[in-house]
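Participant: One letter stands for each residue in the lines below.
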Amino acid sequence: DTEVTQTPKHLVMGMTNKKSLKCEQHMGHRAMYWYKQKAKKPPELMFVYSYEKLSINESVPSRFSPECPNSSLLNLHLHALQPEDSALYLCASSQEGGVRVGGQYFGPGTRLTVT
Amino acid sequence: SQKIEQNSEALNIQEGKTATLTCNYTNYSPAYLQWYRQDPGRGPVFLLLIRENEKEKRKERLKVTFDTTLKQSLFHITASQPADSATYLCALGHGSGNTGKLIFGQGTTLQVKP
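For the record, the sequence lines run as chains L and U. If you're matching positions, the first sequence starts at 1 in this note's numbering and goes up one per residue. If you're matching positions, the second sequence starts at 1001 in this note's numbering and goes up one per residue.
Chain U with its partners taken away, still in its complex shape (with noise of 0.2 Å):
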């Protein structure tokens, strides 16, 4: 069956560093990986999507990579700020057939200390 696996449920590193959470799948073949960021009680923000045949994608200090070889995305957040605590949470997702149907992982909660 389709397997969603994020590294940690709790992730702490001091302010600065860059934070690096893992999202790794089996028995799947997305066409696009996303991640979102969750606060308490709040439903999740979308901040990037990579699909299949891309590498890489940046957005301000968000990095994503995505290796359909290894199954796995990376998702660093540079120069961290308390303000990035939050839970993190990959999605992927199928392109044909489904419309815009997305699998969550459990989800991995940052916490940067000041």
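Bound-form chain L, shown alone (with noise of 0.2 Å):
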């Protein structure tokens, strides 16, 4: 199984709602992202877990929240978002990072409103 899966392909949201983004894979990868993407926007990095820890936060503001329970799944907890925070919200996945680092899969990505 060489698939990234992400639930929901899409989520409308209020500023005062609770949500979370749901990615899994099961090649085996011990390395996975969330990134966010604008519209005509490269992805640009938000989270890295390695082995199931928290190993790059890029400054990401409190109100994404994330979480890796396992070495399969990845979430991303939001809370009190901003219309600006609108997005594709993509989460990918790697055999691990360092000097043997290969490609990333990523998901098909969760396209985020926010009203």
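One or more hints might be untrue.
[To be verified] In silico SDA-like cross-links for lysine to any residue, where the CA-CA straight-line distance does not exceed 25 Å:
(1) L:Lys38 - U:Thr1087
(2) L:Lys40 - U:Asn1053
(3) L:Lys41 - U:Gln1072
(4) L:Lys41 - U:Ala1010
[Said to hold, decoys possible] For each label pair, taking beta carbons as the anchor points, the in silico distance ranges come out as:
(5) U:Gln1002 - L:Lys38: 16 to 26 Å
(6) L:Asn17 - U:Ala1083: 32 to 42 Å
(7) L:Ser20 - U:Ala1031: 29 to 39 Å
[What the hints assert, rightly or not] Which residues of chain L face chain U? A partial, calculated answer using Cβ under 10 Å:
(8) Gln6
(9) Pro43
(10) Ser50
(11) Ile56
(12) Val60
(13) Leu88
(14) Ser94
(15) Gly102
Source of the hints: derived by calculation from the structure; they are not laboratory data. Since this is a predicted model, take the numbers as computed values, not measurements. Where is the CB? At the ideal position from N, CA and C, for every residue including glycine.
The task is to assemble the complex, starting from two chains supplied on their own in separate frames and drawing on the hints.
Facilitator: If you want it as structure tokens, here you go:
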């Protein structure tokens, strides 16, 4: 199975809502990532988990809270978002980082709209 | 500050020709460079990875070169087809200390006309 799945595909939420994005992979990858992508822009890294521990947080506002319950799952908890947070949220995984790094496998993304 | 530039936002070529995309970078010493393809509304798809000690990599109709002196990578698609039309992203990464952290270029949208 070489697929990364993300749910939901689309999400509309108000600024006072709490919601979660979910990501799953069964490739045995030990690094997982959250990216944010705005229209006609490249993906921007938000968080990196390595062996289920948070290894990189790219100064993301606290209204985004990542969680890695196990080696196959990655969640992104959302709370009190702003309209400018509307974007495509992409999850990715890779074998691991460092010198043995390989390509990253991306999911289809969750299209988030904050109203 | 670190900067990655892909030569143009859009590139139009005729079917059968070779498409050449350029990725230049400054203020950065990447351990490796990757190329991805992204179709509208979908996640990027990994194509090729080339390390700093490698000059060239090939995969089917794709070829990537990496010149750390010029701080440039070239991405070639030979015998291009309309199905190759997509946005192509280059991404640079560090080897040590940063688990797979990638910085993406802005992307070049390739249009192959029949």
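Participant: Now tell me if each hint is right for this structure.
Facilitator: Going through the hints against the structure:
1. Our distance criterion of 25 Å between C-alpha atoms is met by L:Lys38 and U:Thr1087, whose separation comes to about 14 Å.
2. Proximity of L:Lys40 to U:Asn1053 is assessed by CA-CA distance (about 32 Å); at most 25 Å being required, the pair is judged violated.
3. With a CA separation close to 21 Å, the supplied pair L:Lys41 and U:Gln1072 stays within the 25 Å bound.
4. Between the alpha carbons of L:Lys41 and U:Ala1010 the distance comes to roughly 13 Å, so the proposed pair stays at or under 25 Å and holds.
5. Checking the proposed 16 to 26 Å range against U:Gln1002 and L:Lys38 shows it holds: the Cβ atoms sit about 19 Å from each other.
6. Judged by the Cβ atoms, the range 32 to 42 Å given for L:Asn17 and U:Ala1083 holds: they are separated by roughly 40 Å.
7. Between L:Ser20 and U:Ala1031 the beta carbons are some 34 Å apart, a value that agrees with the proposed interval 29 to 39 Å.
8. Restraint check, L:Gln6 versus chain U: the minimum CB separation of about 8 Å is within 10 Å; hint holds.
9. About 6 Å separates the beta-carbon of L:Pro43 from the nearest beta-carbon of chain U, less than 10 Å, and the hint is met.
10. Interface hint at L:Ser50: satisfied, since its Cβ lies 4 Å from the closest Cβ of chain U, which is below the 10 Å cut-off.
11. Checking L:Ile56 against chain U: minimum C-beta separation of about 6 Å stays under 10 Å; hint holds.
12. A least Cβ separation of about 14 Å between L:Val60 and chain U goes past the 10 Å threshold, and the interface hint is therefore violated.
13. Because the beta carbon of L:Leu88 sits about 8 Å from the nearest beta carbon in chain U, less than 10 Å, this interface hint is met.
14. Using the Cβ-Cβ criterion of 10 Å, the hint placing L:Ser94 at the interface with chain U is satisfied: the shortest such distance is roughly 5 Å.
15. This hint holds: L:Gly102 has a C-beta 7 Å from the nearest C-beta of chain U, less than the 10 Å allowed.
Checked against the numbered hints above, the structure breaks hints 2 and 12 and satisfies the rest.
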